[in-house]
Structures are given as C-alpha cells and as structure tokens.
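Residue numbers (the working numbering), protein chains in the order written: chain R, 3 to 182; chain A, 3 to 182; chain P, 3 to 182; chain D, 3 to 182; chain S, 3 to 182; chain F, 3 to 182; chain X, 3 to 182; chain H, 3 to 182.
Worth flagging that the hints you see were computed from the coordinates, not collected in a lab. Warning: the hint list may mix true and false statements.
To be verified - Below, computed lysine-lysine pairings styled on PhoX-like, alpha-carbon distance capped at 20 Å:
| # | chain 1 | residue 1 | chain 2 | residue 2 |
| --- | --- | --- | --- | --- |
| 1 | S | 134 | X | 134 |
| 2 | F | 151 | F | 182 |
| 3 | F | 134 | A | 134 |
| 4 | F | 134 | D | 134 |
| 5 | A | 134 | H | 134 |
There are 8 protein chains.
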Amino acid sequence: MKKKLVLGATAAAVLTAGTFGAVSASASAPAAAPAAVAKADATDGNLFRSNHLTIEAATDAAEAALEAAEKENQRVTVAVVDRNGNTVVTLRGDGAGPQSYESAIRKAYTAVSWNAPTSVLAGRLAQAPNLKDIPGTLFLAGGAPVTAKGAPIAGIGVAGAPSGDLDEKFAQAGVAELAK
Amino acid sequence: MKKKLVLGATAAAVLTAGTFGAVSASASAPAAAPAAVAKADATDGNLFRSNHLTIEAATDAAEAALEAAEKENQRVTVAVVDRNGNTVVTLRGDGAGPQSYESAIRKAYTAVSWNAPTSVLAGRLAQAPNLKDIPGTLFLAGGAPVTAKGAPIAGIGVAGAPSGDLDEKFAQAGVAELAK
Amino acid sequence: MKKKLVLGATAAAVLTAGTFGAVSASASAPAAAPAAVAKADATDGNLFRSNHLTIEAATDAAEAALEAAEKENQRVTVAVVDRNGNTVVTLRGDGAGPQSYESAIRKAYTAVSWNAPTSVLAGRLAQAPNLKDIPGTLFLAGGAPVTAKGAPIAGIGVAGAPSGDLDEKFAQAGVAELAK
Amino acid sequence: MKKKLVLGATAAAVLTAGTFGAVSASASAPAAAPAAVAKADATDGNLFRSNHLTIEAATDAAEAALEAAEKENQRVTVAVVDRNGNTVVTLRGDGAGPQSYESAIRKAYTAVSWNAPTSVLAGRLAQAPNLKDIPGTLFLAGGAPVTAKGAPIAGIGVAGAPSGDLDEKFAQAGVAELAK
Amino acid sequence: MKKKLVLGATAAAVLTAGTFGAVSASASAPAAAPAAVAKADATDGNLFRSNHLTIEAATDAAEAALEAAEKENQRVTVAVVDRNGNTVVTLRGDGAGPQSYESAIRKAYTAVSWNAPTSVLAGRLAQAPNLKDIPGTLFLAGGAPVTAKGAPIAGIGVAGAPSGDLDEKFAQAGVAELAK
Amino acid sequence: MKKKLVLGATAAAVLTAGTFGAVSASASAPAAAPAAVAKADATDGNLFRSNHLTIEAATDAAEAALEAAEKENQRVTVAVVDRNGNTVVTLRGDGAGPQSYESAIRKAYTAVSWNAPTSVLAGRLAQAPNLKDIPGTLFLAGGAPVTAKGAPIAGIGVAGAPSGDLDEKFAQAGVAELAK
Amino acid sequence: MKKKLVLGATAAAVLTAGTFGAVSASASAPAAAPAAVAKADATDGNLFRSNHLTIEAATDAAEAALEAAEKENQRVTVAVVDRNGNTVVTLRGDGAGPQSYESAIRKAYTAVSWNAPTSVLAGRLAQAPNLKDIPGTLFLAGGAPVTAKGAPIAGIGVAGAPSGDLDEKFAQAGVAELAK
Amino acid sequence: MKKKLVLGATAAAVLTAGTFGAVSASASAPAAAPAAVAKADATDGNLFRSNHLTIEAATDAAEAALEAAEKENQRVTVAVVDRNGNTVVTLRGDGAGPQSYESAIRKAYTAVSWNAPTSVLAGRLAQAPNLKDIPGTLFLAGGAPVTAKGAPIAGIGVAGAPSGDLDEKFAQAGVAELAK
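Please take these sequences and the hints and turn them into a complete structure.
As structure tokens, this is what we get:
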C-alpha cells in the first residue's frame, strides 16, 4: 500500500527525554547493538501521534472522583483507561465491594471506546442489544469519557455506589478535574 | 499530586480530523449530550503525546518481512505490536505452523517492551532468568524493535522459520522498510 | 469405523513446495529421524482438502476494507478469519477504538461459521437467542463471509464505525476485492 | 501487494458436496440474501489448499493408539490435532489421570507445529530452551507428527503412561494406522 | 468401533486392575515410598462410587451420532462429557464450522448437568433466564443426557447442523447406541 | 465434623437414591419428557465405576490437615481434588497468604495425577523437567495422594507453611484421617 | 493526598500471633533482611480493619447448608466467599452436578457484593439488566449475605437443587449457623 | 468443628459507618428484606480482623514510589496489592513499557505472599525452583512487603526500570512513606 498519512515536518518529537536507551534493558546487561537499533528509526511519514493523560493528571482525576464519592459516604473503586484500552490508574476505595474493581475498569473502557457516558450508551442497547457482548465492555452508568480537542483520549469509571447515576456523578467529578 | 508535565503551548493537536463525534456511536442512535462531552476536554497541561506507526506503515513493514521470508521459502507469521502492547498488524503466512501466530505477537511485544532485538534479550536471561515469566513475553530470536528519535514505538515479530536467527532477519527486513 | 471418504487419485498434492523438512526444526538442531517421519505419511484415502485464502489475497481484502472506511473518514479495525476459526490478518486502523480489534475478529468468525453476513445472523437471534452465547461469536453487523464454489472459506469483519451497517459495507468491499 | 500465489486451473474444487447452503443457518430462519453471498465467491488465484485427515481416519488412528496402550495395561488419553492447531479427536481412556487430557492435546500440537516427534523436540531445548514457553506446546515425549507427501498435516498425542517413551510408542501406533 | 470392553457378569467391578502402581510415575524414576502410599488407603465408609461410560461405549455413541449426521449430509462436531463435567470424546466432523467444537462440548455439559435434553432446558429459560449465565453451559438444542439406573452419567452434544433440532436428533442417535 | 455418612454394610452402593429425577431441573419447570429420558439408560456393558471420597470424608480429611497446621501455628490453605481433577473441598485458613489457595489445589491435583506425594514428584523433574509444564500441576512438596485398593482416588494439598515439607506433613495428617 | 482515615489509638493489633516471621519463607532459606522488613511497618493512621469469618465458622456454616440440603435429598455444592471476593470454603456434595461448583461460588460472590440475597438481586435486573454482565456474578437465587454489625463480610452460595429457592433456603441455613 | 477463635469482647466493630445498607443495591430498587438481612449478623466468636492500608495511604505510597523513579528519569508502573492478593492501586507511569503493568502487580503479590522483598525471594529459588510456578507470582526484584506489627498487610511492586534493583529501590521509597 503506497499512500501514507503525512503529518508534516514538525511531527515526531515527543517523549524523547529520560532513559530510553537504558530502558532497553530491564536486565542488567549493557545494550548489545546500538548501531543496529539506530537504523530502526522510523521516518516521520510513517508516524502519527496520540494524546494521553499524564499519570499525574490521571491520578488527580481518579482522586477527585474518589473524594466526591467519600463526601457522600459511598464506597467505590475508580479506574482510568486510555484510548488504547490500557488501564492507567486504579484506586480501590476502602470497603468497596469486590465486584467494583473490574466494573470500574470496564465502565471506563466502554466510555472511551464510544466517547460517550455509559449512561447514554446503555440506552443505545435498545437499538443494538448485542453491543454489550463485545469483550471488555460494561453498559452500566458510571463511565465518562475524557477528550482532547474533542477526540477521546481516556475514560473514567466508577463502581460500587447504590446506583449507576451516583457512580457516574463521581466519574464526572474526575473528568471536571482535568478541565481545570 | 500537584506538579504536572508541561509540554508547551503547541501540544495536543493530533488526530482531530475524521469523524470522532460520530465515532461516539457504534449504535445508530444520535449522540445524546454533546454539551456535557464538550466540558470534558482536558487541558494541555494534563497531556503528553506518543508516536505510533500508521497502519499503512505497519502493513508495509509486515509485508516486507513476509516477502523476505517467502524469498527463502520459509513459512512464517508476522506481527506488529505498538508501545502500548496492542497488536496492530498480523499476517499469517500460507502454511505457517499453528504455533507461529502467538509466537510472532509475543516476540514483537518483547522487543518493544525492552527496545532490543529478542536475540539480544534472550542472552540477558543468563543474568535475570525470571524475566521470561513476565506475561506476554517470549525470549526467542525473531523480534525487532522500531524506534522514533531513539524511543521505542513498536516491535516486529516473526515466527515459523527453522531458526530464530532467520526469523529475526525477516523481522529486520520489516524494520528497514520503515527507515526508507 | 471402516468407510472412508474417497477423494480420488489426484488428491493430496498440495503445499509441498518450500522447506517443510527444515520447518520441522524451529530450533537449530538437525532433524533427528527422517526415516521414522517418512513412515508417517498418510495415504490418500485418509485425506480431504480445504480451500484457504492466500495471505496475499487476505491482505488485499483487508486493505480494501480499510480503504473503504478511510474514504468515509471512519476509524476501524479489519480482520480476516479462516474456516478453521483462525485469524489470518488483522489491521488496526489509526485511531480505531480499543473495542474494535476483538470485535472485528469475532464478526469475521461469526460470518464464516454460519456462512452469512452478521447483519443477517443478528436477525436470526429472534428465533434462537442463545446462539449468541457460543464462545467467539458476535452478532453485530460488520461481518461478511467469503466463499469458494459456494462453500465458506473465510470471514471478513470490520468494527469501529458509528453503525454496524457501515462496518458491513466496508467488509463487503473487502469481499468484492476477492472476486476480481 | 500485487503478486499472487498461482495454483493453476484445477485448484479449488474441494468439499463442495453436502449442505453448505443450509449450513449457513444454525438457526431455523431461511437464508436471507443468497444473491449477495454468491458475489463473495473468491477466484482461484486467491486460494491455496491444505490436506486434512478425515474424521474417520483420525478416529481410527486415535483408537489404534488407545488399543496399543490398553494391550500394555496403560491408562492414557489420546488426541489428534490438525495443522491449524485445532483439536480433531480426543479419547479419554478409562482411568487415565486428569492431567493426561490437556497433555495429550499439547503433545499433538507440538508435534504438528514442528513436524517432529516430541521426544526429538524435547532434546532440542538444550539449544533453544525458551521454545517451551510458546503457548499451547508441551515438550514431553508422546507426540508424533502425521504427514502427507512429507508435509505436516496432523499430530497425535498420548499421555498418561508411566513414561513418555511408552506414550510415544502408542502415538506411533496411531500414525502407523494412517499409512495402511 | 464394534468390539466392546467385556467386563463379565459382575459388570462394573471397579477399576483396580492394570498398572496404577506404575501410573504413579509418568517420569521414569521408580516409585519412592510404597509403604507410605499403602497407608493412605481409604476405608470403605469414606467412599461412594459413580458410573461412567467406558471409552469404547462413549466412542461408539459419538460415532453413531456423527454417522446419523453424515446420512443427512450435515457437517457437525460431536462431544461426550461425563457427570463430572470432563470431556471424554470429541469428534470434529469434516467441514464442520469452527463454532461447532466448543458448542458441542457445552451442549453435552448442559444436558448432563440438568439430566435433560437441551431443547427442553432452553424452554426453561423463560422462567429462570439467568441459568444461561452459568459458566460452561449452552442452552441450545443439540444436547442429550445419558443415564444409568435413571441417574445422569454423561451428556452427548452435537453442533453444526442448520437447526438445533437436527443436532439433537443426531445426539439422540448416539444415546440410543448405548441402550443396545 | 465427627458424624459420618453411614452407607451400611454393603458400602459403596452406587448413588442412585435421592432426587435425580427432580435434579434434572434447576429451573422450576416440571420435567418435560420422562419417557424419552428413560430410553437413554445405558446398559451395564457400557459402564465402569470409580471410587470417590464422600464429602463428609473429604471434609474430615481437610479439617484434620488444617488442625495439624494450626497446632504448629502455621497459616495454610487445604484442598482436596478427586481423580477427575475436580476440586471437592477447599479451606482457606485464617491469615494464609493469597498464593496458598491456588497452590493447595495444584498440589492436590499433581498428587492424584501421578499417585505420589509431590515431594517425590518434584525429585523426578531431574529426569523429566518438562513435566512441570503440564497445565494445572505444581511440583512443590505439600501434596499427598489418597487411594482405595491402591488406586488413586483423590489428592490432598496444603500450602502456606514456611516449607513444603511442613505442608506435606499436614497433608499426610489429612490422608491418615481417611484410613481410620 | 493528605487527609487520612483516623481509627484511633487502639487500632491495628490483629492477627499478630503465630509464625508470620517464618511465613515469610515458603522456601527453606532463612529470612534475609529482618531489619529492612522492620522498617516497613505501617503506622496506625494508614490502616483500617475488616472483619472476616474464621475458617472454623465458615466451615460450620457450609456444613450446615450442606446438611440442610441432604435432609431434603438434594445434591448441591456450597461455597463461602469473603468481602474481598476470595473463596474461603467450598464443599462439593456427593453427586452434585458439575455446573454447581462454579455456580455456588458466583452466587456467594454476588450476595456479598451487594449485601442482599441473590433472589432479591435477580429481581433488580428488571431495572438494571446489565448488572449481570459484571464478571464473577450470577443472578440466580441461592446466595445469601453474611454481615457483622450490619456490614457485609461474606456470602454463602448453594447450587444444584431443582430450584433456586431451595438452594437459597439451604444457604440461609448456613447463615443462621453463624448467628448462634 | 467446635472450637472457635476467641478474639474477646471488643472485637468486630470496624467499618460500620457509611452507607452499607444502601450499598446493598447497586441497582436503584429499594432493599427488599431488611429483617431477613438483620438475622444474618454473625456473632463475634465467628470473626477475626485483618489490617489494610487505607486507599489514601496506598495512593501516597504508590505516588512516592513513582516520584522516586521520576527523579532518576525512569519510566515505571507501580502497584499496591493487599494481603488477600487484590490489587488496591495501580499507576502506569508515562512511557512505561507495556510489560511493566502486570509485572508490577505480580511483584507486589509475591512480596506480600511471602512477606519479603522479591530480590530476596528470587534468591530462594536456588533451593525451591518451582515456587515460581505458583500462579500470580513473579520472582524478579522490585517488590517490597508492607507490614503492620510485623504481619504482612500489603506489597508494593515497581517494574520498568533498567534493573530490578532500581525497581526495588523505588518500591522501598513507597514503603518508607507508610512508616512516617
């Protein structure tokens, strides 16, 4: 396939600080073939970039959601999932039920997958009931999407409160933290 | 936590073309609460960006690896995995053994995790033998990392040839395609 | 059991080129007991043959489906699954939601299992709702079967567009590529 | 990708008898769109063919292996796996240990993956010890490959006897049945 | 397979013959502590006994089911599961869809769990719809129970035909073989 | 628990009393087709019987093992697994480490699979190191087999003490309870 | 995050008897760095405490449930799960169906997660049908919660009787044992 | 079993504040049978108590570990696991490799299971190599135990740095935060 996404000359300069050379070894042996690795560098025309919440931002958002729940004496778990579906932060609140951990992750996953609150998505099942059979999803209120320039970059999920509406209120408190 | 990664004013403008508004619905119902979603937009200070191979580039690389194998009459599977550990491309070559599919994915995953060829990483087990117990990894030659500005962004894995050295030679052919 | 499928004298001559002798070793040791292996050769009366898409054809079809989606600014994942249920090709499109990867595979699996588009199969659930509990299936529009002489040999699945009908339109574009 | 495997004009005429049209419905609804399905028929140039043991042959082989074990008062499980890695036949012998079922499947899978007896493959681990970390494999004697024209088409695995050598002797009895 | 294990007039004398002492070693080392093991022998008051199909009987039943399907040109998989939920026999028929393998096992499992045909059990979901959420079950016609003195000892499952009623007809043919 | 199921002088009369007819419905609907089910009754020639610990005996044994550990101030989990590999009893002792639960089950599974204590089986790995790759097994001291007439019918596994030898001593205390 | 739960000066004195020092080694090596471990001791302000059933109490409850079932000639499995979702006790009754084991665990898990009998929770699905998609749950009657001072600390689940109401009656017999 | 752990009259008063009554419903329906639930309250003699880190403490510790890594320009994931093996907090650091997430959880799990740093535990494999086959464990430096009065209550795991020693140094920074 020959056509390529062209992102322009300024692309591809992200995340280069730090110790990636060293990171190449989680074992203590020195890097074996730096020259070979250098050759592997992809040209800009082969790249696109995606936005992610920093871990600091994601933690702040999760803590804000948890605090919102604690203010109402609710015991919940909070999760933040990125647009790739990977879990970034989990916080299991004191006394939260055992079902809340996986539920929070799945609500977050569902919200970021369709870029909509899970309360809205649950309503859509009336028209496409089998959506809920997609692995990793959970169509229960309590998940809220996070966007950057309108595009989905993360989801925040909360589970454990007596109703999904409460869970989602807390998740939205987490989202609001990110817009400050 | 209060300090935040500051990426500067030009950050966070990626991947906004297309139909993300519409993407919020894989069901046919119209988006329910656009105003609420708009509020969720994260500020720049909460974001960092990562590089990814375009699907066109990843497919080209995988095909280059497969062609290199076919030229030597080898039956292999090729996989490309991104830095988040997600599989981006798989190509199961005609007549490749059943074990080659998952092997190729795991070699790619291992190469991108430590930013080194799996032939090099396999050697490191002498010092840290339990590295190979990490889920999703496979310490067999045949995986090669892809970088952008030196940072790992993907891995290419090949499996099915009579030796891991051959597999890795084909994987490197895929990497070389990206540097053109 | 004594009766056997008789396929005639011309059967069983497929896929013999290449390096299968060598393939017997993914480790570098030489083959140990060629004589013993030779004795294992099954007689024609014990064999039947099945058709598969070549990896070139399957890749072309997947790329055609992805291009059809890109033309309409949709972010999707495409998968091709063979009649044995094995994934042959996956292409995760740039910016496709995380749920799209497994969804595409399952739609393809479902289409090849019943040799019908998943939009049609979803309609059948009205009569046999528990069909959707079969592991590996997904009864959402977006999967299309591929046949050879009318018999199912593969499925193409697409996921990530705002509606299943769109997904299936792209999948059919992939199927059409194979009839050229 | 433009070049295609050319198999010649006689290819692709297999397995068309029977009720595949009907097979498209495991639900009782009539097939919805035969015209559309007809269009999906792949051209010959897009196909290759693979050999498989008929279920009658595979059952005969498994029974022969089980009988060989019973003659020596051994309690074993027997499995036959095809070149795609799918299990075709399993026979859990009376009184065989619980570990024997999955072991037999994995030995068969390993034998067909590398087209060699697992007793030979276990020896190769001295040079490539991490081969045994490939999912689905088991490097214990007791698995034997089945070929057609020298190419691997299936594996037979036996487990449960006091030694792997005994297991493999029984597996070879199954292979021998197919050469008759 | 026509010959059957002859157990004599006393039938069902429990499995004590054979080589269980030797079975204690799947490795080649001699048994280490026979005296200690001898002490472990449980007294009769601590035991109950259960009935199982011999592997010969289970294979005959599975083959009878498969032949019934072949007579009607249906491509199916057949499975036999015992009262402990363990799979005893699987036969994947030539050309059966990939979904049929796991489906057949689950139908057999469901039939033996509730000692009723799955066509009957599917009807019961009207009153207890969540029964179908029990892991390992499948509430689709095609599973039939096998009893001994009225108590459930096994299930036979068939999957792949155009309707569950056909599948179950073939499964019943397998059951009938056991009553001869 | 001190009282035991008294089965009378004939011991081990096979489990035909009770409510199996009723058991056929875990849903509240009445049994649909008793006549059809009656036909399914397998003839004696198709059956063999196996011995199992009664749940009372298995519980007594597990409690004896746990008490033996408590006497030495050890925090452990105890499991009993039958010859089919199914878990019959688990007791997670107060304060036992999280790893002990699955460990105890696997030790019991391993002991009953090869009818030997796991301390002995661990020693055999010197000759057949890949035995430990069989799914479900764990080659650590702490598992002991239970026999009836010398044939393996169950395993008892203990995990959580500072050494496997201690674990196995407690498991043997469980076995001894069954010989009383 | 700076505010902390303050539990008062008397907190944190639980479960210190026994051999935890020794427990740090399931291998036979002596503890390596006691001083370092001593530094890790968390201050009271960082702790909260939770209640658990002792294994003796949990076993008594499970046995009471099983006896209640046996009195009515029902064959069931009983499970006790704690508030963290971990299984504490399982007892597989003689002749209980294979589906009963996992069902009992999930009913117990569901009851403790929402602190309500599963018969009540099943009714709630009318309003929130997707609750049942949460992993690990089963919304079938037969699970009963156990509390301490009104807070949920465990669940008891029973499965295998002809109706969920019977199962739950037996589970309640187990709960009642704990209130004595 | 009659003897019970006696904890004294002051036991069992933990975690009763909040909204547990309401927590019994994650669905919006009102609680159905409060009287019945009240009867389930377990007596003190049936209880023991365990210590847990508050979510605030666990988050502080995880953040301390992450900051320690960031100060040295290392990209890591941090996890906190409680004594029941449940994950309490995860923080995936910016740019951490995909393998680091599960690795961090497993290191924490291993540390709390044996109440020792994983660097020490890895050394013990010389004597008991099969310890590392216990599911959920990872014997790589980077996990540190957290205690209360000397008993293990949690583990902190870090993964992603170039060496396990670095990972463990960061984990110990997290532990130190809890002793303040």
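How the hints compare with the structure:
Restraint check for residue 134 of chain S and residue 134 of chain X: satisfied, since their Cα atoms lie roughly 11 Å apart, inside the 20 Å limit. With a C-alpha separation of about 15 Å, the suggested pairing of residue 151 of chain F with residue 182 of chain F holds against the 20 Å cut-off. The suggested pairing of residue 134 of chain F with residue 134 of chain A holds, with an alpha-carbon distance near 16 Å, which does not exceed 20 Å. Annotation: proposed proximity of residue 134 of chain F to residue 134 of chain D holds, straight-line Cα distance about 11 Å (limit 20 Å).
The straight-line distance between the Cα atoms of residue 134 of chain A and residue 134 of chain H is roughly 11 Å, inside the 20 Å bound, and the hint therefore holds.
Hint violations for this structure: none, all hints satisfied.
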